[in-house]
Amino acid sequence: MKSILNKKTPWQPGDNATLRGVGVKVFWAYPTIVVQDLPDLIALYMPAGVLGKDTDHKPTPQELLAAEKINITDCQWDRTDVLMLIVPGEAFSTYVMWETGTKNLVCWYINLQEPIRRTQIGFDTMDNMLDVVVSPDMSEWKWKDDDEFAEAEQVGFYSHETAREIWAEGEKAARLLTSERRDFYQQWQNWQANPEWEIPKLSPLWDKILGEVE
Numbered sequence: 090m091k092s093i094l095n096k097k098t099p100w101q102p103g104d105n106a107t108l109r110g111v112g113v114k115v116f117w118a119y120p121t122i123v124v125q126d127l128p129d130l131i132a133l134y135m136p137a138g139v140l141g142k143d144t145d146h147k148p149t150p151q152e153l154l155a156a157e158k159i160n161i162t163d164c165q166w167d168r169t170d171v172l173m174l175i176v177p178g179e180a181f182s183t184y185v186m187w188e189t190g191t192k193n194l195v196c197w198y199i200n201l202q203e204p205i206r207r208t209q210i211g212f213d214t215m216d217n218m219l220d221v222v223v224s225p226d227m228s229e230w231k232w233k234d235d236d237e238f239a240e241a242e243q244v245g246f247y248s249h250e251t252a253r254e255i256w257a258e259g260e261k262a263a264r265l266l267t268s269e270r271r272d273f274y275q276q277w278q279n280w281q282a283n284p285e286w287e288i289p290k291l292s293p294l295w296d297k298i299l300g301e302v303e
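The sequence shown lines up with residues 90 to 303 when you count with our numbering.
If you are wondering where the hints come from, they were derived from the structure by calculation, not from laboratory data. A hint or two may mislead.
Stated by the list, open to error - Below 20 angstroms or equal to it, Euclidean Cα-Cα: the simulated DMTMM-like pairs (lysine to aspartate or glutamate) are:
#1 158 to 216
#2 147 to 236
#3 114 to 301
#4 192 to 167
#5 261 to 301
#6 192 to 226
#7 233 to 260
#8 261 to 179
#9 147 to 301
#10 231 to 254
#11 158 to 179
#12 114 to 104
As the list claims (entries may be wrong) - Cβ-Cβ distance ranges computed for the label pairs, FRET-style:
#13 250 to 193: 34 to 42 angstroms
#14 264 to 159: 29 to 37 angstroms
#15 251 to 276: 32 to 40 angstroms
#16 167 to 276: 35 to 43 angstroms
Nothing here was measured: the structure is a model prediction, and the numbers come from that model. Think of the CB as a built atom: it goes at the ideal place given N, C-alpha and C, for glycine as much as any other residue.
Work out the full structure, taking the sequences as your base and the hints as a guide.
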C-alpha cells in the first residue's frame, strides 16, 4: 500500500489518503484508500478496522464553543465498510455503507460538511453536525442529529443564516441521491475493493494544520 506526501497531482488508486475534520484544531482523522481522484468525483474507501483519531466523546454544541478543550484520542472504525463519494465543491459527501466484510447495504448516508480541501496528506473538511440517512432502496430518508443541530443554532455555534443554508443543503443532497443522481449513485452499490489492498494507515502528520494544495 502506497503512502505519499502529496503534491498537486491527483492521488492514484490504492494510495493512502488521510481524511480529517479540521476547524480550530484537528477533531478527527481517519486513513482511507483512494478509489479515484477525478475533477468530478473523489471516491475514498474506509474499511472496518482502520485506526484513527477522534474525540473521546461526542461533543455537545456548548463544548464546541470551547473546542480547544476537547480531547482527541485513538479510535478504531469497526462499524461498517464505507465508500465515500465526494463531488469537489459540494458541501456534502454521500456514503455507501455495508455490513463489515459483506455487500449487505446498511444505508446510504449523507454527511453534511464543508467542501473538501486537498492537503499534503489527503483531504480536509469539517462536519456540519446535521446528517441524512437514506434507506437502502432509496425510498425513504430522515434527518440525523437534527435536535443537536437545532441546539447548536440556539447557542450560537451556527448563525441562523448558516443553519438555514445547511438545512437546505441536506434537502438538496437527499433529492440528488434519491432522484436526480439516483442511477449514478446506484452504480457504486456493488463496487468491490481490490483484494490486494491492505488496511490503510494514518499519516504521521495527522495532527498538523496544513495548507490547502491548489
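Need the status of pair residue 158, residue 216: alpha-carbon distance at most 20 angstroms? 18 angstroms, holds
CA of residue 231 to CA of residue 254, is that 20 angstroms or under? 18 angstroms, holds
Does the alpha-carbon distance linking residue 147 and residue 236 stay inside the 20 angstroms limit? Roughly 14 angstroms separates the two Cα atoms, so the pair holds.
Satisfaction of hint between residue 179 and residue 261, Cα-Cα up to 20 angstroms: 11 angstroms, holds
Compare the distance between the alpha carbons of residue 114 and residue 104 with 20 angstroms, and conclude whether the hinted pair is satisfied. With Cα atoms ~25 angstroms apart, residue 114 and residue 104 exceed 20 angstroms; violated.
Need the status of pair residue 192, residue 226: alpha-carbon distance at most 20 angstroms? Status holds; Cα separation ~14 angstroms.
Could you say whether the range 34 to 42 angstroms given as a hint is met by the Cβ separation of residue 250 and residue 193? 41 angstroms, holds
Is residue 114 within 20 angstroms of residue 301, Cα to Cα? 15 angstroms, holds
Is it true that residue 264 and residue 159 lie within 29 to 37 angstroms of each other by Cβ? 34 angstroms Cβ-Cβ, so the 29 to 37 angstroms window holds.
Residue 147 and residue 301: Cα distance at most 20 angstroms? Violated, at about 27 angstroms.
Does residue 301 lie within 20 angstroms of residue 261 when you go C-alpha to C-alpha? Measuring from Cα to Cα gives roughly 27 angstroms; hence the hint is violated.
Given pair status - residue 167, residue 192, alpha carbons within 20 angstroms: Roughly 15 angstroms between the alpha carbons, so the hint for residue 192 and residue 167 holds.
Checked against the numbered hints given earlier, this structure breaks hints 5, 9, 11, 12, 16; the rest are met.
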